[in-house]
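For chain B, the structure is supplied; the task is to place chains S, L and C on it using the hints.
Protein chains in written order, with my numbering: chain B, 826 to 1104; chain S, 826 to 1104; chain L, 826 to 1104; chain C, 826 to 1104.
Where hints are given, some of them may not hold.
Because identical chains cannot be distinguished in the list, a pair is counted as satisfied if it fits within a single copy or across any two copies.
Straight-line Cα separation of at most 25 Å, SDA-like style, residue types lysine to any residue; simulated pairs [to be verified]:
(1) Lys969 - Gly1049
(2) Lys971 - Ile1047
(3) Lys971 - Thr994
(4) Lys1066 - Ile1052
(5) Lys831 - Glu901
(6) Lys854 - Ile989
(7) Lys1066 - Ile972
(8) Lys969 - Thr994
(9) Lys1066 - Pro979
(10) Lys1066 - Leu998
(11) Lys833 - Leu937
(12) Lys833 - Glu886
(13) Lys854 - Pro979
(14) Lys833 - Glu878
(15) Lys969 - Val990
(16) Lys1066 - Phe936
(17) Lys833 - Tyr902
(18) Lys971 - Pro912
(19) Lys971 - Ile991
(20) Lys854 - Cys908
(21) Lys854 - Tyr986
(22) Lys1066 - Thr968
(23) Lys854 - Arg978
(24) Lys914 - Ile972
The set of hints was computed from the structure by calculation and includes no laboratory data. Quick caveat: nothing in here was measured; it's all calculated off a predicted structure.
Protein chains: 4
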Amino acid sequence: MNSQDKSKSEILRQKIYIFIYGTNTPSGKLFDIILLGLIVCSLITIMLETIPEVNMAFHNELLVAEWIFTILFTMEYILRIYCIDKPFKYIFSFYGIIDLLAILPMYLSFFLPGSKVLSNIRTLRLFRLFRVLKLFHFVEESTKLKIALLSSRPKIIVFLYTVIVISFTVGTLMYFIEGPAHGFTNIPKSIYWTIITLTTVGYGDIVPQTGMGQFLASILVIVGYGIIAVPTGIVSLELSKQKHSRYTPKKNTATCPSCQATGHPDNSIFCYKCGSKML
Amino acid sequence: MNSQDKSKSEILRQKIYIFIYGTNTPSGKLFDIILLGLIVCSLITIMLETIPEVNMAFHNELLVAEWIFTILFTMEYILRIYCIDKPFKYIFSFYGIIDLLAILPMYLSFFLPGSKVLSNIRTLRLFRLFRVLKLFHFVEESTKLKIALLSSRPKIIVFLYTVIVISFTVGTLMYFIEGPAHGFTNIPKSIYWTIITLTTVGYGDIVPQTGMGQFLASILVIVGYGIIAVPTGIVSLELSKQKHSRYTPKKNTATCPSCQATGHPDNSIFCYKCGSKML
Amino acid sequence: MNSQDKSKSEILRQKIYIFIYGTNTPSGKLFDIILLGLIVCSLITIMLETIPEVNMAFHNELLVAEWIFTILFTMEYILRIYCIDKPFKYIFSFYGIIDLLAILPMYLSFFLPGSKVLSNIRTLRLFRLFRVLKLFHFVEESTKLKIALLSSRPKIIVFLYTVIVISFTVGTLMYFIEGPAHGFTNIPKSIYWTIITLTTVGYGDIVPQTGMGQFLASILVIVGYGIIAVPTGIVSLELSKQKHSRYTPKKNTATCPSCQATGHPDNSIFCYKCGSKML
Amino acid sequence: MNSQDKSKSEILRQKIYIFIYGTNTPSGKLFDIILLGLIVCSLITIMLETIPEVNMAFHNELLVAEWIFTILFTMEYILRIYCIDKPFKYIFSFYGIIDLLAILPMYLSFFLPGSKVLSNIRTLRLFRLFRVLKLFHFVEESTKLKIALLSSRPKIIVFLYTVIVISFTVGTLMYFIEGPAHGFTNIPKSIYWTIITLTTVGYGDIVPQTGMGQFLASILVIVGYGIIAVPTGIVSLELSKQKHSRYTPKKNTATCPSCQATGHPDNSIFCYKCGSKML
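Isolated chain B, as found in the complex (with noise of 0.2 Å):
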């Protein structure tokens, strides 16, 4: 292979890279809607194989489609690893491993056949579904929620542990008010009930059946009904810090190839968390 060869094959690389990582420009635009189409078609079979009377009907048909899905998901993976300089760095991030994951059930599946099933794993992808939030300029909204989110952590901390004091502590005193008798088999189903019951979902599955249990309910729905404020009041107050504070996002939305790390200057180069190329 001659220097110019070298130098096609460079080319066609850079391409491949822009194509797959370069989500500001437009074809890599179209790479990541195209990419997440495939991923809602790839969630959608593996749900209908699950409903008996689908399978039955389609199995063929399902099994093809998952294996289209399988073989350009690894293109894709081995494009990624192809086209990008420090291929290791991608291979063990979150992404890089998730992507794995994805399509390696479907050919363990040959020699181990229960194994197909663990390309549910699949879900996970879609957690690239938040990428496309970056297509249509979602990103400031969602950077601001996740602040308000992060600065209310030490409020939500002691805001959980203070659910999980009353919830331990209730659930045991349920347990002695009702017994095994009236659902409350064991604490930690009782904690169980304590916990669907303090968030007012209430499925039903378990419900006192003792006066005193019901009185003991009572009480907790009515604490609990006052706890939800709490939650409320502290992320409405981070959200209004923010209407304050002249916060001003970075619209940039490339996303380093080797280590994911979003929120470059405009115009990087190297990626300012792992010291990777940049588009």
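Just chains S, L and C, lined up with the frame of chain B:
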């Protein structure tokens, strides 16, 4: 027909026009209230027909009532077309199509007996009820709420997106933890369960029965309990922003007879949107 | 009866008046607390009577207790009429009618045995309990909440209106999707299900069983999840407005003996509303 | 025992004191973390014992574990008394009584076999877990939330009061509408149903079955849906007030060994509350 006749008919047409479309005139207000009364009564008729005991006892009375409403709505529809300058704009507008669909099924039931059931499309006429708010000066408040919801749209989309990704991921997980034996018969149903749980509805038709599933459900509801704080915070923020901005709502409640656009300046002669003659 | 006797009786009447209506005096406060204690005790008696086991064991004791409460309330009613200047204003006021209805059924039960059941109307006397809040300086907070709710009334009406229109539309739709076979026996019941679902109560007595119905329910609950943010945002806003406005609540807690109006200026001699003599 | 021995023992006592009560010292922090780990482990042991399958298989192991925890907690209790200056203040303090009640039942089980069940009182030791928050600088956030809740207390009392009056009134009404045949067997149970419904928990163990009852339930849940906005608005308001007030939290996390009071100024030698010697 000489010009005097034509003029007379033109005056009548003008009067009908004012009566039907003139939301700001006393006769127009009267028409709106009568119409809304008729819509509500016709809906009650349809509802009562679905209760077997009532339908058995008053079958003929209900049928007569339904025909009376259909004939009145037909007359309204014909008059709406007759008195307007550009009838096709009304016919193909959102409300025009609904108005037609609301009366058509009853006539079709002569030829196709089963089609009467479609007259339930009449429910959509309920949206006309939003116009009654205009009569009671709620238009300003309604606009404020609409603005708050619209301006918090990007945040709400990000929020809904997160809810959907959580639902898919947890739904798939629960399918494998609980399995078809415990009611999680397939992944779409498992996702349905996740949404019903995350939103704290909790029907209890499908409930986790393994310890692992109950543990995951507990975490899910506590997360859901926290997540509900986000849209609340968002709407609170947007509403409080309005307080500071000097919002001067357009109090003119006239609706364009052709395109149903609202928000016309006072004394408008032509619609600002479609150019039709206004009242 | 000479004038001295009359004067003596007048002084007694005045004393009783102060005792019963004088919310601001020590003896008046004592009376209110005793009365509220009696109301709560009489309600507990009525409640216990509805529990068959308790009623069986303590039938006579409960009956005696109920008669004691009825006689005490009758005495209170007579004294209220006796010591007031314009007794008819009290008799035909809201509380006057409730006070009469609370004692009448017990006397009627001599002639009509079944009418005793009506003595549950006594529950409405619970509203008198709101007066006890005055005794503990909660009147200001209570007024603030009332103002916040009143000033957000137009927004809340628009909100409720939207909830009702959604309930009717989705309720009708679900009736056709699920049908009587799955518990959606008629449209009113289907609307009931929609309201129970939209408000995230979710009893589970009626649940969608078709895939289409479950899909629609999922969308409905996510919408409902978002909708709950609206009233919260509204009330938050109104409460925070109060913070800025220098609200000076009327601390005078006297109630007009005739029309039960509150909010009188200090040292009022006549009720600002009905002109009756105040304490 | 000569004075040198006494001094030695005094130094040891001082060291133990620092270890147990010195929340601010490294050794004190270590002790707190170890203690909390032990409490959590002992709770898990008690929980596992209530699951019949686990108890069957590991009965002896669990019994041994429970005895180990009891002995460790006993040692902790003795050391706490030993190293403190005013032991009776600790013994009769809130935590002192809980600490004793947590170990007593196991010893009693020698004489009274059934009393072992009472060792679940150990759950209350979970409240000690709130101290772990101090270790991770959450004390400030925790204080902010506590202040917000305390200052919104009058509003919350008015709110709870309204919820209770609604529950009693609607509960009594529903008892007469639905009656014992539909699960509303008595008024207290009917009130329990009202609370479960109003707070949007909705177990579904008791549901209205008449049209009238379902109509009332629909109104109740829509009201409840609106009511939940009130505590949320209150807490939001109080939290946002804190934002403006320059709140300077006391970062000193030392706890008085006698009365468990917190919030001491830095370098405190004596407790500001009970005057005991501080670390």
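Hints, one by one, checked against the model:
For the homomeric pair lysine 969 and glycine 1049, the shortest alpha-carbon distance between copies (19 Å) is at most 25 Å, but the shortest distance inside one copy (28 Å) is not. With identical chains, the CA atoms of lysine 971 and isoleucine 1047 are at most 25 Å apart between copies only, with a shortest distance of 18 Å across copies and 30 Å within one. For the homomeric pair lysine 971 and threonine 994, the shortest alpha-carbon distance between copies (20 Å) is at most 25 Å, but the shortest distance inside one copy (32 Å) is not. In the homo-oligomer, the alpha carbons of lysine 1066 and isoleucine 1052 lie at most 25 Å apart both inside one protomer (22 Å) and across protomers (19 Å), since each shortest distance falls under that limit.
Taking identical chains as interchangeable, the C-alpha atoms of lysine 831 and glutamate 901 lie at most 25 Å apart only when both belong to the same chain, with a minimum of 22 Å there against 74 Å between chains. Taking the closest pair of Cα atoms, lysine 854 and isoleucine 989 come within 25 Å of each other only across two copies (22 Å); inside a single copy the shortest separation is 44 Å, beyond that limit. Proximity of lysine 1066 to isoleucine 972 under the C-alpha cut-off of 25 Å is found in both arrangements, the shortest distances being 11 Å within a copy and 19 Å between copies. In this assembly of identical chains, the alpha carbons of lysine 969 and threonine 994 lie at most 25 Å apart only when taken from different copies (24 Å versus 36 Å within one copy).
Proximity of lysine 1066 and proline 979 under a CA criterion of 25 Å is satisfied in both settings, with 16 Å inside one chain copy and 18 Å between copies. In this assembly of identical chains, the alpha carbons of lysine 1066 and leucine 998 never lie at most 25 Å apart, being 41 Å within a copy and 37 Å across copies at closest. Taking the shortest Cα distances, lysine 833 and leucine 937 never come within 25 Å of each other, neither inside one copy (42 Å) nor across copies (69 Å). Taking CA atoms no more than 25 Å apart as the test, lysine 833 paired with glutamate 886 passes in neither setting, with 40 Å inside one copy and 70 Å between copies.
In this assembly of identical chains, the alpha carbons of lysine 854 and proline 979 lie at most 25 Å apart only when taken from different copies (20 Å versus 37 Å within one copy). Within a single copy, lysine 833 and glutamate 878 get their C-alpha atoms no closer than 52 Å, and across copies no closer than 68 Å, so neither meets the 25 Å cut-off. In this assembly of identical chains, lysine 969 and valine 990 lie within 25 Å of each other by CA distance solely across copies; the values are 19 Å between and 31 Å within a copy. In this assembly of identical chains, the alpha carbons of lysine 1066 and phenylalanine 936 never lie at most 25 Å apart, being 57 Å within a copy and 61 Å across copies at closest.
With identical chains, the CA atoms of lysine 833 and tyrosine 902 are at most 25 Å apart within one copy only, with a shortest distance of 22 Å there and 70 Å across copies. Taking the closest pair of Cα atoms, lysine 971 and proline 912 never come within 25 Å of each other, the shortest separation being 30 Å inside a single copy and 49 Å across copies. Within a single copy, lysine 971 and isoleucine 991 get their C-alpha atoms only as close as 28 Å, which misses the 25 Å cut-off; across copies the closest is 16 Å, which meets it. In this homomeric assembly, lysine 854 and cysteine 908 come within 25 Å of each other (Cα to Cα) only inside a single copy, at 17 Å, whereas the closest approach across copies is 51 Å.
Proximity of lysine 854 and tyrosine 986 under a CA criterion of 25 Å is satisfied inter-copy only: 19 Å between copies versus 42 Å inside one chain copy. Both within a single protomer and between protomers do lysine 1066 and threonine 968 lie at most 25 Å apart by alpha-carbon distance, with minima of 14 Å and 20 Å respectively. Proximity of lysine 854 and arginine 978 under a CA criterion of 25 Å is satisfied inter-copy only: 23 Å between copies versus 33 Å inside one chain copy. Neither within a single protomer nor between protomers do lysine 914 and isoleucine 972 lie at most 25 Å apart by alpha-carbon distance, with minima of 27 Å and 46 Å respectively.
Of the numbered hints stated above, those contradicted by the structure are hints 10, 11, 12, 14, 16, 18, 24, listed in ascending order.
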